[in-house]
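Read top to bottom, the protein sequences are chains L and X.
Final position of the first sequence in our numbering is 969; the numbers increase by one with none missing.
Final position of the second sequence in our numbering is 412; the numbers increase by one with none missing.
Some hints here could point you the wrong way.
What the hints assert, rightly or not - Under 8 Å between C-beta atoms, here's a sample of chain X residues computed to sit facing chain L:
hint, residue
1, 224
2, 229
3, 230
4, 241
5, 252
6, 254
7, 269
8, 282
9, 293
10, 307
11, 350
12, 390
13, 401
14, 409
What the hints contain is simulated information worked out from the structure, not anything from laboratory work.
Each residue gets a CB set at the ideal place from its N, CA and C atoms; glycine is no exception.
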Amino acid sequence: MKVQSKIDSYLKRDRAWHPKALSPSYKSSIYRSPQSKLLSFPATQSEETGPVFGHDLIGKLDNNLIHNSAKQGQSAIGPRIIVFGRLIDEYKRPIPNSLIEIWQANSGGRYRHMNETYLAALDPNFSGCGRTLTDENGNYEFSTIMPGPYPWPNGPNDWRPAHIHFSIFGDAFTQRLITQMYFEGDPLIQKCPIVSTLKSTRAVERLTGFLDMTKTVPMDSLAYKFDIVIRGNQQIFFENKPEGS
Amino acid sequence: MVHIRDNFKESPSQTAGPYVHIGCTPNFTGIKDLYNSDLGSLMKFGPIKGEEITLKGTIFDGNGESLKDAMIEIWQADSAGLYNSPKEIRGQADPNFSGWGRCAVNLKTGLYNFETVKPGRVPNAEGILQAPHITVWIVARGINVGLHTRVYFSDEVKDNSSDPILTRIVESERTQTLLALKERKGLYKFDIHLQGSQETIFFDI
Ligand SMILES: [Fe+3]
């Protein structure tokens, strides 16, 4: 009997590409950044497996932030947008059925959170929380409103550019990733101490959602395309030799 | 080797920020009209095999202050050493145990808490049995790239002494930063230090 086996082999995270743990212009990183070298070892099943989530988990409005917290017949305030893209790995393979969670401020730049102190108004019809599973081709899509920029305590006058936070699972715990999407053309991008933890303009570009007129809905929503790449898995398939041969 | 152009490198990481709870644990945040419960808040769905344990602890920064805005996720095998994952080919994991937990630390005390099970041993790629362990991932404001580490158990002395990872740690005095201390039967404490003389060993996996 021929048995096919598979070995997972994930590409190393490129630490020269990701932000450094310690980025002094982002003050919170100063006391929250490990100082020792990370311990490297060959991944085991403990890292190469991870939780999976079923489509039964996802409610109809979970990827619609305009309506998922709005009262009947009402909707969130702000410019209506679609944020969409593909989840692929570093070998360009689509990652299907994978959970993506997002959170964001409302159109005034205010978060619905108990520690939030910004004076901008809350929107009673907006929570800023959404989730979806990628489809069989790795595509995802959210309907939401354009988040506003907001000031934050770091330097004397720091502002976050408009952004959406993304949490990505992939299909292995080693692929777990949290990142942020910025909006094409926002002048605050280049002034932000968190964006500046990124080491190259190329890296900033990779976290930019680009206006895509082909996906806009006339008289309804603008659209921003944001593709996400997680660590590549070079799966190696091999046929096991039959017993005793 | 496959050459990866910048277009297909992993998306660079950014901090989860102080409001990670809105997206990941909305019920905890008081956003209760969206999801039945917060994902990962329950790891057990019924009677489960093995020793049920509580894993708790605190995350400290370089000033010795506890983080009040962090989120921790854990991923582990069941008591037989099997993962509740479609990739698990060694057998069928306990169907009542998810293996994955997520916890926002307490906003006032900084404590995290998981109700889980003591994991069984899992072989590494060479087939060598590892000591029981739990994989941990930490994100928070000020953490630019999520931190991976492992929890081992202080009372698994024999298994720990032959674990392929624990035994390759050169600064052996730091090995204890990976040990959860048994406070009493079924209760383990695992504090995490992001910096300082007790800095936890974090992994590049
Ligand atoms: Fe934010």
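Outcome of the hint check:
With a least beta-carbon distance of about 6 Å to chain L, the hint placing residue 224 (chain X) at the interface is held under the 8 Å criterion. With a cut of 8 Å, the hint placing residue 229 (chain X) at the interface with chain L holds, because the nearest CB-to-CB distance is about 4 Å. For residue 230 (chain X), the interface hint holds, the least distance from its beta-carbon to any beta-carbon of chain L being 3 Å, beneath 8 Å. This hint holds: residue 241 (chain X) has a C-beta 6 Å from the nearest C-beta of chain L, less than the 8 Å allowed.
For residue 252 (chain X), the interface hint is violated, the least distance from its beta-carbon to any beta-carbon of chain L being 13 Å, above 8 Å. Interface hint status for residue 254 (chain X): violated, as the beta-carbon distance to the closest one in chain L is roughly 21 Å, over 8 Å. Hint on residue 269 (chain X) holds. Least Cβ distance to chain L is approximately 4 Å, under the 8 Å limit. Because the smallest distance between the Cβ of residue 282 (chain X) and any Cβ of chain L comes to about 5 Å, under 8 Å, the interface hint for this residue holds.
Given the 8 Å rule on beta carbons, the hint for residue 293 (chain X) holds: about 6 Å separates it from the nearest Cβ of chain L. This hint holds: residue 307 (chain X) has a C-beta 4 Å from the nearest C-beta of chain L, less than the 8 Å allowed. The restraint placing residue 350 (chain X) at the interface with chain L holds, with a minimum CB-CB distance near 6 Å, inside the 8 Å limit. The beta carbon of residue 390 (chain X) comes no nearer than 24 Å to any beta carbon in chain L, farther than 8 Å, and the hint placing it at the interface is violated.
The beta carbon of residue 401 (chain X) comes within 5 Å of a beta carbon in chain L, closer than 8 Å, and the hint placing it at the interface holds. A distance limit of 8 Å between C-beta atoms decides the matter here; for residue 409 (chain X) the minimum to chain L is near 5 Å, and the interface restraint holds.
Checked against the numbered hints listed earlier, the structure breaks hints 5, 6 and 12; every other hint is satisfied.
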